[in-house]
Amino acid sequence: MPSKALITLLTDFGTADAFVASMKGVILGINPDATIVDITHDIPPHGIRHAAFVLKSAYRHFPKGTIHVVVVDPGVGGPRKPLLVVHPKAYFIGPDNGLFSYIYKERTKLQVYRLAGSAYRLKKYSPTFDGRDLFAPVAAWLSNGITPEKLGQKVKDYVAFPIPEPRQLKNHSLQGQVIHTDRFGNLITNITRKMIKHWTVAERIPTIMIRAQTIKGLKQFYAQANAGELCALINSDDHLEIFGSQSSARSIVNALDDEIVILR
Amino acid sequence: MPSKALITLLTDFGTADAFVASMKGVILGINPDATIVDITHDIPPHGIRHAAFVLKSAYRHFPKGTIHVVVVDPGVGGPRKPLLVVHPKAYFIGPDNGLFSYIYKERTKLQVYRLAGSAYRLKKYSPTFDGRDLFAPVAAWLSNGITPEKLGQKVKDYVAFPIPEPRQLKNHSLQGQVIHTDRFGNLITNITRKMIKHWTVAERIPTIMIRAQTIKGLKQFYAQANAGELCALINSDDHLEIFGSQSSARSIVNALDDEIVILR
Amino acid sequence: MPSKALITLLTDFGTADAFVASMKGVILGINPDATIVDITHDIPPHGIRHAAFVLKSAYRHFPKGTIHVVVVDPGVGGPRKPLLVVHPKAYFIGPDNGLFSYIYKERTKLQVYRLAGSAYRLKKYSPTFDGRDLFAPVAAWLSNGITPEKLGQKVKDYVAFPIPEPRQLKNHSLQGQVIHTDRFGNLITNITRKMIKHWTVAERIPTIMIRAQTIKGLKQFYAQANAGELCALINSDDHLEIFGSQSSARSIVNALDDEIVILR
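Protein chains in written order, with our numbering: chain A, 1 to 264; chain B, 1 to 264; chain C, 1 to 264.
These are calculated hints, taken from the structure and not from any lab test. Think of the CB as a built atom: it goes at the ideal place given N, C-alpha and C, for glycine as much as any other residue. Hints are supplied without guarantee of correctness; some may be wrong.
[Stated by the list, open to error] Residues on chain C that point at chain A, a partial pick, calculated with CB under 10 Å:
| # | residue |
| --- | --- |
| 1 | G14 |
| 2 | D17 |
| 3 | F19 |
| 4 | S22 |
| 5 | G25 |
| 6 | V26 |
| 7 | I30 |
| 8 | P32 |
| 9 | P63 |
| 10 | G65 |
| 11 | D133 |
| 12 | Q224 |
| 13 | G228 |
| 14 | I252 |
One chain only, chain A, in its complex shape:
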C-alpha cells in the first residue's frame, strides 16, 4: 500500500447515471481516507480492448501500490471470474475477460487471485453490478490492509486476448497495425521506439505506409507538421503514432480499427 490509499476507476459506465458515484460512495464508506481518481468512464460500451489499452497507458504513471478497479463487464453475473491481480507496482481488480492482457504480457511476476464471492462484497448484492457490489468494496478493503489471500484464492489460468505483434518483412521492413485511436483521431500503432532503433541507429529515414498514404520520416513533436499534413512521431508512451496536424489522422487515412501499418 502507498502511504495514502489511492484507488482508480476505469469503466464504460459513462458519467450521466449513478453507476460511478455509487462505486465511490461504497469505497468511501469502507475507507473514508481513500483518494479516488477517475481514469475514464468513456470506454465504448463493452470495449474490452479499448479499456485494456487505456489501462496500460495510465497505470505506469501512478505511485507504487495504487489499486486500479477496471469494470468493462458484459459477462457480469455469469461464470467469468472476478479477479485481483497483484503486480510489483500495482493492484488490478476486475472481471476475467481480457482487460488485463497488456499487464499480463508486460510482467511475469504476477499473482492472480479469484475473488471469493461472499466475504468482502456488499451484503445486499445484485448479480448485475459487480462494480459496485464486489469490485469497489474489495478495492476499499484492500486499501484498508486486508491481504489478497483473504480476498480470494490464487488461480493459474486467466483470460488474455492476443496482442498483435509487428512482424519482420523482407528488407528490414516491419508490418504493424493500429491498436488504439485517441480522441484527437491520432492512430497509435503497436510499433515501439525500440523497434525503430534499426532506423535511428543507422540514421536512415523511415517511410511509413498506411492505406493510400505514405509518410516520410518522423517528427519530434506535433507542431513540426504543417496544417493538415499527415505525419508520424514516437509518442509519449513510446509508440509510433500517426497524426494529422490540426486534424484527425483517422479521417485523413479513413482508417479501420486494426489498420495495417508498414514501416520501411
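With the hints as your guide, set chains B and C onto chain A.
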C-alpha cells in the same frame, strides 16, 4: 457528520464551463479537508425528474452523514425556496422544486429547513448562481459543524412531484411505467422487486408487455440474453428493467419517456 | 501555499483517454496529499482563448495559493516557453501561448518564471506531453514547498492575446462583443457591470442590439424571461450575458464567435 466531510455534487451544468469547478473552489475555501464527489453534471438542462431519480439511486451508497448538493435550478433568483433537508442518513441541499421528491417519499422522519439568505452565503452574491453562492458554501459550513438551525428555519411545506405508482389490474396484472432511461438505453420502471413477489413465490413466469413487444420471463443478469434480444430483469436498484442485449431497449421498443409497462 | 495543497487541471485532452489520469498519477506520486480538482478537459482542441476565459471565471473562486495547471498546448515540444506565473492569489503553470492573457490583464503584481527544463520534470521525458512530464510534476513540487526560484528563471516577456475592450460610441452607446459561449448557448460579452453603471445610475432602460435582435432592459435572473424569449442580464461573473429562456441564445441570434453587441 462522518469522520471525514463528504460532499457530493449533482447538477445540469455540464463539465465544459467553470460552473462546477467554481462550486468546488468555494467549498474547499471553507473546508479544505472536504472530499468532493461528482454524482453527475450531465443531467439534461432543467431535468428535475431525471436528477431526482439519479439522486435516489446514488445517495444510498454513500456513508452516513454525506452532504448532497443538487442544483438543477431553472427558478434560481425567483421565489422558490433554497432548502436543506436533514435525513437520518444524509443531508440534501438544493432548490425547492421537486428534486427531493423520492427522498420525501421514502422516509417520513425528515426535517426541512429553508436556508436563510445572508449569513452563510458568499458575500459577493449573484441572483443567478445559487449553486456557487449559496448551496456550495452552506454545504461546506455544514461540513464544518454549523448546525441546520443556524443555516435556516424549519418549514412544513415543500414541493414534491407525484411519483407514479403501479396499479393493480384484473387477474393480478400490474400496470407500471418507465421512470428513467440510462445511458445504455435501458428502460427502468417503477415496478420493484417486492411487487414481483407474487410471481416469484408462486413460481409463475411473468410476462412483460411494452408497446408492441412481449417479454417472457426474467433474466438474472444481462449476459443471459441473446444478442439483440429484448429482455427484462430486476436491476441492481431492485427495479424491473427492460434491456436489449448489446443494444438499446429504448430504440428497440421506440419507447417514450413515461411508456406504459404491463406485467402479468 | 494553502494549508492543504490544491491543484486544478484545465486542458483540451477530453476524458476518454489516459492523458488526464496520467497527470494525476504523476502529481500524486510526488505529493500524495494534494487535492486535485478538474476545472474542465472539454476545451475545444487548441482552444486557447476559450481556456483563458474559463480559467479567468474559475480561479477567483479557489482559495489563496491554489495551483492551476493549464494545458492547451499545440506548440508542445517547440520553442514556446513553459511558464510559472506567481500571482498574489494563485499560481498558474502552462505554456506561454496566451492562456494567461486575462490574468496578466487583471493584475500587475505578477512574477513570471520560465520553467527550467530538467530539474523537476520527469526523468523519462517526452517532447510531446509536457502536461504529464513537466507541468504536472512542477505543480506537485511547488505544492511540496519548492520555491519558484528553484523551478525557473524570471522572464519579462510573455505572450498575451489582445482582449477586446468595448468602445464608447456617440450618445453614450457602447460597442462590445461576445467573448464566450457557454454550454447552454448563453452569449457572454465583454461589457461588464461597471460599464453599465451609466444606465443604472440614471435609471435608464438599456437597449441591447445583436445581429437582427433588439432586447429592451435587463432581467435580474433567468426565470424572469418568458419561454423562448431572448433576454439579457448581468451574470454571476459581472458580465452582460444574452440568454434565451429555455433555449440557446446562440441559436436564436445565429451568433458568430465574436459577434458585435451594441448597448444604448
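Inset, instruction - If any of the earlier hints don't hold here, list their numbers in rising order. - result: 9, 10, 12, 13 and 14
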